[in-house]
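Visitor: Residue-level listing of the chains:
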Amino acid sequence: MAMTDRRSVADRMVFREVTHDNWREFVSSRDSLNAGVVLRLVGAWSGVQRLLKRNRQTA
Amino acid sequence: MVWRATPVEAKQTDGLTRKAAMKARITAGTTVGLLGYLNKEPVAWCSVAPRSTYRRLVEHGGDDEGVWSIACFFVVRRLRGQGLSQRIIAAAVEFARSRGASIVEAYPVDPSSPSYRFMGFVPMFEAAGFREVGRAGSRRYVFQLTSEHE
Numbered sequence: 001m002a003m004t005d006r007r008s009v010a011d012r013m014v015f016r017e018v019t020h021d022n023w024r025e026f027v028s029s030r031d032s033l034n035a036g037v038v039l040r041l042v043g044a045w046s047g048v049q050r051l052l053k054r055n056r057q058t059a
Numbered sequence: 060m061v062w063r064a065t066p067v068e069a070k071q072t073d074g075l076t077r078k079a080a081m082k083a084r085i086t087a088g089t090t091v092g093l094l095g096y097l098n099k100e101p102v103a104w105c106s107v108a109p110r111s112t113y114r115r116l117v118e119h120g121g122d123d124e125g126v127w128s129i130a131c132f133f134v135v136r137r138l139r140g141q142g143l144s145q146r147i148i149a150a151a152v153e154f155a156r157s158r159g160a161s162i163v164e165a166y167p168v169d170p171s172s173p174s175y176r177f178m179g180f181v182p183m184f185e186a187a188g189f190r191e192v193g194r195a196g197s198r199r200y201v202f203q204l205t206s207e208h209e
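Heads up: the protein sequence lines correspond to chains A and B, in order.
Residue numbers for the first sequence follow this note's numbering, so the first one is 1 and each next one is one higher.
Residue numbers for the second sequence follow this note's numbering, so the first one is 60 and each next one is one higher.
The reader is advised that the hints may include incorrect statements.
Taking lysine to aspartate or glutamate and the DMTMM-like style, the derived pairs with C-alpha atoms no more than 20 angstroms apart in a straight line are [what the hints assert, rightly or not]:
| # | chain 1 | residue 1 | chain 2 | residue 2 |
| --- | --- | --- | --- | --- |
| 1 | B | Lys78 | A | Asp21 |
| 2 | B | Lys82 | A | Asp5 |
| 3 | B | Lys99 | A | Asp5 |
| 4 | B | Lys78 | A | Asp11 |
| 5 | B | Lys78 | A | Asp5 |
Just so you have them, the derived chain A footprint on chain B, three or more residues with Cβ under 8 angstroms [claimed, not checked]:
| # | segment |
| --- | --- |
| 6 | 92 to 104 |
| 7 | 134 to 146 |
| 8 | 189 to 199 |
If you want a taste of the chain A side facing chain B, the calculated C-beta under 8 angstroms gives, among others [unchecked claim]:
| # | residue |
| --- | --- |
| 9 | Thr4 |
| 10 | Val9 |
| 11 | Ala10 |
| 12 | Val14 |
| 13 | Phe15 |
| 14 | Glu17 |
| 15 | Val18 |
| 16 | His20 |
| 17 | Asn22 |
| 18 | Trp23 |
| 19 | Glu25 |
The hints are simulated quantities; they were obtained by calculation from the structure and are not laboratory data.
Note that beta-carbon positions come from the ideal geometry of N, C-alpha and C, so glycine has one too.
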């Protein structure tokens, strides 16, 4: 039966330098970051739009 | 890449061009940073490299000799809030020292700051033993970890 690894996530993490060998993995992780930034910008812009609309309605 | 771009590269904002520029650096053997893996899956990224490989992060930052910079963090959303930042900073410091760094520098903001937040927050670096040595702009701090701080 497989043993359950009870170490914390931090303890189980391993680090490798980004090199030509793991470049593809680096790109995929960065794409996740970029997607997150875009979503946040879209969210912030939507918030601004809602605020402007509310101000127009109350003016 | 944002902290590494040359003036010409900075004007080319599309992802493909930036990826190509970063790949060229890696292929040339330039240190860019670390990937953190969990069960062989990349889940974290830390930009850590000699300060001289970034565009100027600090005005009047002195000699670059032996100074490394931690310039960016990323952890996948599902693993945030588990204290991984300390693990990443420790790995970055260990990596930098293994390559000869005598000073590791970081550029965090306060948690409430509206500024670019991927360079980390002040409490993260304080907890890791870094000390404030100056400011970079109105909202960003310069923190350093040197061997005598430990």
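Visitor: Going through the earlier hints one by one, which of them does the structure break, listed in rising order?
Guide: 2, 4, 5, 8, 9
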